Every structure is written in C-alpha cells, then in structure tokens.
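Asks: Sequence:
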Amino acid sequence: MRSITSLLVGFISLACVTLPAQAGPLETCTGPSNAEETAPACTEIIENEKLSASDRARAYAARAETYKEFLQDDAVKDMDKAIELMPKIADYYQKRAEYKKKLPEAFSSYAVLKDLASAINLEPKKSERYTERAVYNLENDEYEAALPDLAKIIELKGNKGYLMRGLAYTRMGKTSEAISDLNKSIAALEADKRRLNQDNRTADDAFNFGLRGLNYLTLRQYDMAIADISIAISGHDHLVLHIMRGNAFAAKKQYEMAIEDYTKALKEKPDQIEAYYLRANAYEQIGQLSKATADRTEAALVTVGLKKPSIKKAH
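Here our numbering is used: the first residue of the sequence shown is 35, the next is one more, and so on.
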C-alpha cells in the first residue's frame, strides 16, 4: 500500500511559481538560465532598491529556487524577503512551505502548515492549494487532517478528489467509505474514457482499481479483488499489484495462480523477501516442499545480505 501511496503522490503535480521574463538582468534572473547565471543576476536586482517591490520579490523567489537543493536555509530566507515585499502572493507561501519541508530539524510541521494555510486564504477558490496541504498531510500519515481539504477539492473539482480521499480512508481502515469514493472516481474515469473513445488501460486505472482491489481484499471479497487488481495490472504492471493478487488467489486456495503472481513480482524485484516467503507458503500447500524450502533459504540469504538472487532462477 505504501508503494501505491508513493505512486499517487508522485502523480500529483503541485503548483509552481511562474515568473514572467523581462529584458536585462530580470530576464536572466527569472528566465530558464542555469544557477550560475541566475543567482548573480537576481542579486543585482535584489540590491537595486530603485526597482519595484514586485520585481525584487520575484528576484528573491527565483534565487531561492537556485538554493533549494543545497542551501535550503538560504532558500527559506529569500522567500521570507519575497513575502515581506509582496505578502499577497499565494505561490510564495507555497514555495516557502516546500523549502521548509526539507529542513525537518529546523522547522516544525506547524510552520509548513501555516504557510500552506496562508496560500489557501489568499486563493480559497483554487483547488490546487487544498491539494498541496492534503498531500502534505497524507505524506505524514495525518489522514484525518487531510479529510477537510479533500472534501473541499471534491466541492471545487467534482470527481478529482475522490481518489485521494479513497486513499485516506483506505489508510484509516475505513473500507466501506474508501470503496464508496473509489466507485465514484472509477465511474468518472470510465465516463471520460467513453467520451474520448478510449479503451486502453492507464496508470489512472492502476491507481483506482488497485486501491479498490486492496479494499476488497481487506473485506475478503476475493473475486472482486482479483477482478479489480487484474485491471490495475493491465494499466501498470507493478510487483505490489502481483503480490496483492497472489494473496487473493492464495486465500481462494488457487495456489498455482498465486505462485504465478509471486514469481512475476520476483522477476521485477529479485530481492523481494516477502514474495519469497509467500511463494514458499503456496508451494508448501501443494506439496512441493523442496521448492518451499528453497524459497525460504533464498529469502534468508537475501535478508542477511549473503546472496543476491538471479532473475533467471526457474521454479
């Protein structure tokens, strides 16, 4: 499930600062220049007090971007200055929150959330602002805290928030609520496919059907879980999905099918220890004890770092 969370979070695009280019140093500062050119040009603008507060604020924001990877403290300080000059720009608060996230020892979660709240207050009709805070809470396992923002996303964007809220409910163990939201998300996804005359499965299908399949698996509705996870695999062939489907087959005592899925997971990631143990259990159930022992041995060797298994190993 953490892998699905990572995929989901990786899929969401958070808002970025857009800095229009102008002639001279400001163009170099805010345009697509490299960091070695950007920082000095921005500093020139920042130090020119004859320029407008807007231009200087944009220069601080652009220079902060050059600092964000290795000089996060300086990035935050530059955003402080940008906000001091132009306190009504929501993007500046969002970017400062982004930089603060990289300094867990220096900034509390409260400081990050305060900036995200400021961005929302400045642009309360923009769903992306609520998405930024919801994603932050989801990343930090604060699922209850994410729910109001997810409800607001649904209010502003309709079906766009159902998948994320379905994820939150899944992590909270509220399977019925999760399935209800995922049903709505999938219905919207299927409607879009019909409207666009598309029949191919995509990563969107993997997210939606995979997550609903996981909830059906939790409810021990194994046939429904297998159906959903199979659709998810056709959209994105991922080892987590094969392990999930393998577990559903094993629960139905269809051990050969379970072994096939665990094997596919191991081909994708040969050091997947959990898949070895699961496949060993399946082999044991059908009386193939030597293969079960071999898998458990392989898992033990990988665990202690004594062996890296070959993907060509046959079973």
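Please keep in mind that the hints were generated in silico from the structure rather than gathered at the bench.
Be careful, since some hints might not be right.
Result set (DSS-like, lysine-lysine): computed pairs, CA atoms no more than 25 Å apart in a straight line [as the list claims (entries may be wrong)]:
# : residue 1 : residue 2
1 : Lys-191   : Lys-218
2 : Lys-135   : Lys-122
3 : Lys-122   : Lys-136
None of the values given here were measured: they were computed from a predicted structure.
Asks: Could you run down the list of hints and mark each one as holding or not?
Replies: Now for the hints, and whether the structure bears them out:
About 13 Å separates the Cα atoms of Lys-191 and Lys-218, which keeps this hinted pair within 25 Å; it holds. For the suggested pair Lys-135 and Lys-122, the alpha carbons sit about 21 Å apart, so the restraint of at most 25 Å is met. Under the criterion of a C-alpha separation no larger than 25 Å, the hint pairing Lys-122 with Lys-136 is consistent with the structure, at around 24 Å.
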